[in-house]
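When you get a sec, could you build the whole thing from the sequences and use the hints?
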Amino acid sequence: MTMMKRFLSLILLLCWAVNAGAAPLTIEITEGAEGALPIAVVPFAWAGPGAGPGAADVGGAIAEIVRNDLQRSGRFSALPVKDMLARPQSDSDVEFRDWKVLGMDNLVVGQVRPNGQGGYLVRFQLFDVFKGEQLAGYNFPTTSRDLRSTAHRIADIIYEKLTGQPGAFDTRIAYVVSSNKADGSQEVSLKVADADGFDPQTIVTSSEPLMSPAWAPDGRRLAYVSFEQKKASIYVQEVFTGQRQKVASFKGINGAPAWSPDGRKLALTLSRDGNPEIYVLNINTNALTRLTNHYAIDTEPAWSPDGRFIIFTSDRGGKPQIYRVPAFGGKVSRVTFEGDYNARASYAPDGASVALVTRQGGDFRVAVLNLANSALQVLSEGRLDESPSFAPNGSMIIYATKINGKGELAAVSVDGRIRQRLALQEGDVREPVWSPYTKTNRRNP
Amino acid sequence: MKLKALKFAPLLALSLLLAGCAGMTGSEQAQDGAPITEGGQDGSADGAQTSGAQEGGAWSGSPLENPDSLLYTKTIYFDYDVDEVRADYRDVVAAHGDYLAANPAVTVTIEGHADERGSREYNIALGERRANGVKRLLMAQGAAENQIITISYGEERPAAMGSGETSWELNRRAEFVY
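Those protein sequences? They're chains A and B, same order as listed.
Residue numbers for the first sequence follow the numbering used here, beginning at 1 and rising by one.
Residue numbers for the second sequence follow the numbering used here, beginning at 1 and rising by one.
Hints were generated in silico from the structure; no laboratory data involved.
Yeah, the Cβ is synthetic: ideal placement off N, Cα and C, and Gly gets one too.
One or more hints might be untrue.
So, partial list: chain A residues that the calculated Cβ filter (under 10 Å) puts toward chain B [claimed, not checked]:
1. S178
2. E208
3. P209
4. V225
5. N275
6. P276
7. T299
8. T313
9. K319
10. R344
And the structure:
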């Protein structure tokens with residue numbers, strides 16, 4: 001319980017904003033897990049000549065990001081810097097006694113040194129305090145631009161060493177923001193930020209709705225729906241270059257794009273034949289295959305990680321429920337039976353469960369359905385929760401919620417024990433989607 | 001529910017006077033970014049003379065702007081999770097169908113909308129069902145299919161902000177955009 005209290009209303013103001021004009025973002029850990037692992041992350045020392053670049057505390061900033069990542073996961077309790085009795089820089093000056101006294105299980109120390117023009121070499125070591133031995137040690141060449149990413153990679157390595165599960169800190173989220181401009185008109189943006197909410201970048205802006213962003217498996221492209229031409233069309237956009245391609249603009253609905261695991265195809269919803277059906281579009285050949293054929297609503301397709309199945313929402317039984325169809329066509333089978341509203345399902349990375357939106361009484365909640373035993377666990381506590389999306393390591397689910405009438409983002413661990421709020425200061429935020437691991441931010445060096 | 005529709009009437013009339021153009025509804029206008037013209041503005045500026053409103057007596061403008069006409073109502077509301085046009089709006093839809101049948105050169109866009117509850121893409125589908133339901137009734141009155149464009153905005157363009165039945169019932173709607 002003390003750990004819970006410590007997490008309650010702990011607000012981490014992460015103010016190392018690189019981007020001028022970036023809306024400040026707060027992450028509030030509303031509930032933490034009991035038994036969080038105590039860890040000390042000592043500010044990394046500057047090991048170059050002088051006091052450091054522009055007197056900026058680069059090493060301190062890196063350690064702070066690592067500390068915040070670990071803390072935010074709910075799996076760790078990070079020692080505040082002010083409580084540290086020593087500031088060792090490497091194995092040679094670590095006194096494990098100092099950290100045992102403070103009840104630490106693990107210790108992280110590191111150094112930053114200059115490495116060519118605008119470059120740094122970041123070195124860190126992770127220790128088991130009780131055994132007095134090193135668990136991991138790495139050198140990362142990096143640049144001032146990639147420092148945050150490097151810090152997230154370090155957090156990923158620590159997380160994996162100590163929990164046995166890959167970290168997902170060095171990943172990103174995409175989301176939609178709607179805000180009112182000074183003249184009262186609406187502006188809708190599709191944004192991409194680090195998984196901790198930092199460095200938000202706008203990749204599309206429109207006065208018309210933008211919807212349903214979906215990361216390609218390579219983490220470099222996003223599919224989304226835009227109404228900019230006064231009708232719904234699906235675009236695929238390169239996140240880094242901004243180049244984009246309109247891939248579907250049929251009569252009627254063009255919605256709910258979902259990538260195949262091989263990144264070559266999109267499952268989508270089209271109503272060009274009269275009512276919403278699930279199709280598969282090969283984005284290289286433009287070949288279009290219809291998967292469903294029913295007068296009911298069929299929408300919100302999602303691929304299984306092995307690429308064999310597509311699940312989707314349908315009200316063919318009278319109320320929206322989740323159904324499944326082989327990805328190359330075949331017999332449709334029903335997946336959800338509990339409750340009278342289940343929608344917007346997506347697979348966990350291991351394919352063993354799906355996250356979905358379920359109605360409980362009058363409230364819409366995020367839940368996880370275990371596909372082996374059909375057990376449905378409701379995870380969120382809001383009234384209008386929607387758009388769940390798994391972290392690529394399967395540990396957390398990010399989703400959209402309403403707080404005081406405003407759309408905000410929240411995350412919950414798959415066991416429901418850890419809760420976070422990501423509060424953007426402006427606008428109505430919705431439809432978060434967590435990126436996959438990408439080639440450039442693979443977690444191990 | 002008709003009362004609710006009429007609440008917007010003075011605002012609508014004012015905007016029509018200011019714009020001097022037929023067919024503007026309460027929908028948002030296209031701004032920067034995508035070069036889009038409002039559906040209601042293009043192709044429908046066909047001679048609406050709203051000045052007749054001040055003169056009393058017979059209505060001399062387009063019947064779409066005559067506050068005494070059923071055609072004046074351009075937003076109809078739906079029950080929760082229902083796409084069937086409510087009985088109290090059948091007359092309104094029929095009047096629009098008659099008007100389209102009598103004026104084959106006129107086109108209308110039916111925008112379907114949903115309230116915020118439930119998933120967004122499902123609400124797009126629900127909004128399309130509402131728009132298509134209206135379209136079928138218009139065609140039953142003799143309107144031609146090529147006079148009617150449908151589009152669903154789902155819950156993406158709420159008419160009323162806020163979470164609660166008072167907002168939701170204003171957002172479950174179909175709009176006639178001439």
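For each hint, the structure was consulted:
1. S178: Hint on S178/A: holds, closest Cβ of chain B at ~8 Å, below 10 Å.
2. E208: holds, 6 Å
3. P209: Result: holds, 4 Å to nearest chain B Cβ.
4. V225: holds, 8 Å
5. N275: This hint holds: N275/A lies near chain B, its Cβ roughly 8 Å from the closest one there, short of 10 Å.
6. P276: At about 5 Å, which falls below the 10 Å cut-off, the nearest Cβ of chain B leaves the hint on P276/A intact, so it holds.
7. T299: Interface hint status for T299/A: holds (5 Å vs cutoff 10 Å).
8. T313: holds, 6 Å
9. K319: Check passed: Cβ of K319/A comes within 9 Å of chain B, closer than 10 Å.
10. R344: R344/A check passes; min Cβ-Cβ to chain B is 4 Å, inside 10 Å.
Hint compliance for this structure: every hint is met.
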